[in-house]
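There are 4 protein chains.
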Amino acid sequence: MDIVKKFVDADNFAKHLGIEMLEFGKGTAKARMELKQHHLNSARTVHGGAIFSLADAVFSVASNSHGTLAMAINVGISFFKAAKSGTLYAEGREVSINPKLATYLIEVKDDAGNMIALFQGTVYRKKDSLEEILK
Amino acid sequence: MDIVKKFVDADNFAKHLGIEMLEFGKGTAKARMELKQHHLNSARTVHGGAIFSLADAVFSVASNSHGTLAMAINVGISFFKAAKSGTLYAEGREVSINPKLATYLIEVKDDAGNMIALFQGTVYRKKDSLEEILK
Amino acid sequence: MDIVKKFVDADNFAKHLGIEMLEFGKGTAKARMELKQHHLNSARTVHGGAIFSLADAVFSVASNSHGTLAMAINVGISFFKAAKSGTLYAEGREVSINPKLATYLIEVKDDAGNMIALFQGTVYRKKDSLEEILK
Amino acid sequence: MDIVKKFVDADNFAKHLGIEMLEFGKGTAKARMELKQHHLNSARTVHGGAIFSLADAVFSVASNSHGTLAMAINVGISFFKAAKSGTLYAEGREVSINPKLATYLIEVKDDAGNMIALFQGTVYRKKDSLEEILK
Numbered sequence: 020m021d022i023v024k025k026f027v028d029a030d031n032f033a034k035h036l037g038i039e040m041l042e043f044g045k046g047t048a049k050a051r052m053e054l055k056q057h058h059l060n061s062a063r064t065v066h067g068g069a070i071f072s073l074a075d076a077v078f079s080v081a082s083n084s085h086g087t088l089a090m091a092i093n094v095g096i097s098f099f100k101a102a103k104s105g106t107l108y109a110e111g112r113e114v115s116i117n118p119k120l121a122t123y124l125i126e127v128k129d130d131a132g133n134m135i136a137l138f139q140g141t142v143y144r145k146k147d148s149l150e151e152i153l154k
Numbered sequence: 020m021d022i023v024k025k026f027v028d029a030d031n032f033a034k035h036l037g038i039e040m041l042e043f044g045k046g047t048a049k050a051r052m053e054l055k056q057h058h059l060n061s062a063r064t065v066h067g068g069a070i071f072s073l074a075d076a077v078f079s080v081a082s083n084s085h086g087t088l089a090m091a092i093n094v095g096i097s098f099f100k101a102a103k104s105g106t107l108y109a110e111g112r113e114v115s116i117n118p119k120l121a122t123y124l125i126e127v128k129d130d131a132g133n134m135i136a137l138f139q140g141t142v143y144r145k146k147d148s149l150e151e152i153l154k
Numbered sequence: 020m021d022i023v024k025k026f027v028d029a030d031n032f033a034k035h036l037g038i039e040m041l042e043f044g045k046g047t048a049k050a051r052m053e054l055k056q057h058h059l060n061s062a063r064t065v066h067g068g069a070i071f072s073l074a075d076a077v078f079s080v081a082s083n084s085h086g087t088l089a090m091a092i093n094v095g096i097s098f099f100k101a102a103k104s105g106t107l108y109a110e111g112r113e114v115s116i117n118p119k120l121a122t123y124l125i126e127v128k129d130d131a132g133n134m135i136a137l138f139q140g141t142v143y144r145k146k147d148s149l150e151e152i153l154k
Numbered sequence: 020m021d022i023v024k025k026f027v028d029a030d031n032f033a034k035h036l037g038i039e040m041l042e043f044g045k046g047t048a049k050a051r052m053e054l055k056q057h058h059l060n061s062a063r064t065v066h067g068g069a070i071f072s073l074a075d076a077v078f079s080v081a082s083n084s085h086g087t088l089a090m091a092i093n094v095g096i097s098f099f100k101a102a103k104s105g106t107l108y109a110e111g112r113e114v115s116i117n118p119k120l121a122t123y124l125i126e127v128k129d130d131a132g133n134m135i136a137l138f139q140g141t142v143y144r145k146k147d148s149l150e151e152i153l154k
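Protein chains in written order, with our numbering: chain A, 20 to 154; chain B, 20 to 154; chain C, 20 to 154; chain D, 20 to 154.
Calculated directly from the structure, the hints in this document are not laboratory data.
Careful: at least some of the hints might be erroneous.
In this list, chains with the same sequence are indistinguishable; a pair is considered to hold if it fits within one copy or across any two.
[To be verified] No more than 30 Å apart at the CA atoms, straight line, and that leaves these computed lysine-lysine pairs for DSBU-like:
id, residue 1, residue 2
1, Lys25, Lys45
2, Lys100, Lys154
3, Lys146, Lys34
4, Lys119, Lys145
5, Lys24, Lys45
6, Lys49, Lys24
7, Lys100, Lys146
8, Lys55, Lys24
9, Lys146, Lys49
10, Lys45, Lys154
11, Lys119, Lys103
12, Lys49, Lys154
13, Lys154, Lys55
14, Lys146, Lys128
15, Lys146, Lys25
16, Lys45, Lys103
17, Lys100, Lys49
18, Lys145, Lys100
19, Lys128, Lys154
20, Lys55, Lys146
21, Lys145, Lys25
22, Lys146, Lys103
Looking at chain A on its own, in the form it has when it is part of the complex:
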C-alpha cells in the first residue's frame, strides 16, 4: 500500500482542511478532522462543505486503494446534526465493485459517536495506475 500512502500525502485540499487519514485498506479508509474556526459557516456550525470534504477524502482513498485511478461521478449525502467543535471522524466501506464502477458508504460521526452525516458515493474506475498519476 505504499502507493496509496503516496496518494494520501499528495492531497493538497485535504491538507488545507486539516484532514488526517488514520488508516486505509482495500476498499476502506478512516479519517478525522479537528474542528477549527475556518470550518464554520455563517450560523457558527461546521459547514456542509467541510463535512462533505472529510467524507470525500475517505471516499477517494477507499476507491483508489485498488491501485488504479477512481473518479467520483455521483454522491448523495444526508446531514443529521450540526457539529460545532471537537473532532469529526469519517469511516468508509465498499458496498459494490465491478471493473468499471464501485460504490462506497461513509459515516461521519462526532467525538461522542453521534451520526453527523451519511455519504453514498459512486466512482468510475479508469485503467491508469496510481504510479503513473503520481509520478
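Chain A is already provided as a structure; the job is to place chains B, C and D on it using the hints.
Using the frame of chain A, we list chains B, C and D on its own:
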C-alpha cells in the same frame, strides 16, 4: 438584503476556500472560486470537496435569502468533468419551496462554460431569523 | 403494531407490483418481490422503477412504524447489478431520527445474496397519527 | 428513431403502470401517467415508487435515444408535493454526456403545472446497440 450580506460575510469556511459571492436575490445566488494549488486532489485536479463547497455556499445563500435559517438536510451531486485551473462559477435557483422545506438546483461551470457538476439540495427551514443567528 | 399492519395492507401500489411485506418493527422493515414479466424493462432486466418501488415500500413502512405519518422528501439510489428472474429482497434500517426528520438505508438483494441496489431516503415526520390517516 | 420507438414499446413495466411516452428525441423524452387507484399508497396519495417510475421511464428513453444501451447507475430524487388524482407529466433533458457516462434531469409536474418531483439520474453507456438488445 443587508442581513443576507452580513450572512455571506460571516461564512468562515467560504473565505478559507477563496469563494466569492457575486450576487444573490430571493432564492438565487451566484459565486466563483479562483483555483489554487490548495484546491487540488492527489490526481492534480480540483477536489470534489472543493467543487461541492462552492455549490454549497451558493445553496446556503439562496436558501437563507428569505431571512430565516435554512439547514441542509440532503444533497445529491453529479460530477461531469475534471477541472484543473482557471475559475469555477456556481449559480443556483429555487426549484420548490414551502414553509418547512425548499429545494435548489446549482450548476457549476468552468471559465469556458463547460458543466463541471450539478448539485440538487434540500433544506429544512427553521423559524429563527438571520438577525438572531448573526447577532 | 396493528395500525402498521393496517398501513401495510392499505398500500395499493405495493399490491399492484406484487410486493409482500415480510416483517417490520420500530424503524425497520423487510419485503420481497417475486419477479414477473411485468417487472421487466426494454432490455429484459428488472426496471429501475420496480427495484426502487420495492425499496420504497420498505422505506415507507420503516418510517411510518412510529405511528405518525412520514412523507418521503428525498431519495438517493445506486444500482449495481441487473436482475432478471427469481425474487428480490429489500431490508431497511433507521440511520437517524429526530422529531421532524428521519433517514433510512435500504439494501436490495437477489436470491443469491448479491447486492442489486442501495437506497438512502429521508422523510419529513408529520404530527398526524396513522389511525387518523387510515380511518 | 424507429429503434427507439421499438425500445419504448418493449417496456413491460411502463405498460403495467400505464405510462405513455408522448415524445422523444436525442437526449430528451416526455411521458404521462393517468392516476388510478393502483398508483396510490397507504395515505391515499401517489406512491413515491409510481412517481419515480414515471420519471425513470423518461430517463431510460432519453438516455437510450442515442441508439446504444444505457444502464442507470445512480438517481437522486426530491419529492415536493403529494398528488392524488389527474395526470402526471415527466419531461427530461440531457445535462452532460461523454462516451461512458451521461446525466439527465427530469421534472415531474401535475395537471396544473405544480412541481411534484425533481429526478437527477446518471447512466453508464455500454457499446451494445439497441438493435442487438431488442432482437
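Checklist entry - When no copy is named, should Lys49 and Lys24 be tagged within, between, both, or neither for a Cα gap of at most 30 Å? => result Close inside one copy (13 Å), not across copies (37 Å); limit 30 Å.
Item to check | Intra- versus inter-subunit Cα pairing at 30 Å for Lys146 with Lys25 | outcome: For Lys146 and Lys25, only the intra-copy Cα distance (18 Å) is at most 30 Å; the inter-copy one is 35 Å.
Checklist entry - Between the shortest in-copy and the shortest cross-copy C-alpha distance, which are at most 30 Å for Lys119 and Lys145: within, between, both, or neither? => result both (7 Å within a copy, 11 Å between copies)
Next on the checklist: Within, between, both or neither: how does the pair Lys49, Lys154 come out at a Cα-Cα threshold of 30 Å?
Outcome noted: Within one copy, since 25 Å is at most 30 Å while 37 Å is not.
Item to check | Copy assignment of Lys24 with Lys45, given that the CA separation must stay at most 30 Å | outcome: Classified as within; 12 Å inside a copy, 43 Å across copies.
Next on the checklist: When Cα atoms must be at most 30 Å apart, do Lys128 and Lys154 count as within-copy, between-copy, both, or neither?
Outcome noted: between (35 Å within a copy, 29 Å between copies)
Checklist entry - Given a CA cutoff of 30 Å, do Lys45 and Lys154 count as a within-copy pair, a between-copy pair, both, or neither? => result within (22 Å within a copy, 41 Å between copies)
Checklist entry - 30 Å Cα cut-off: does Lys146 pair with Lys34 within a copy, between copies, both or neither? => result This pair counts as within: shortest intra-copy Cα distance 27 Å, inter-copy 37 Å.
Checklist entry - When no copy is specified for Lys55 and Lys146, does a C-alpha distance of 30 Å or less occur within a copy, between copies, both, or neither? => result between (38 Å within a copy, 27 Å between copies)
Item to check | Within, between, both or neither: Lys45, Lys103 at alpha-carbon 30 Å | outcome: Only across copies: Lys45 and Lys103 sit 28 Å apart there, 32 Å inside one copy, limit 30 Å.
Item to check | Alpha-carbon proximity context of Lys119 and Lys103, limit 30 Å | outcome: between (39 Å within a copy, 21 Å between copies)
Item to check | Alpha-carbon proximity context of Lys100 and Lys154, limit 30 Å | outcome: between (40 Å within a copy, 22 Å between copies)
Of the numbered hints given earlier, the model fails none.
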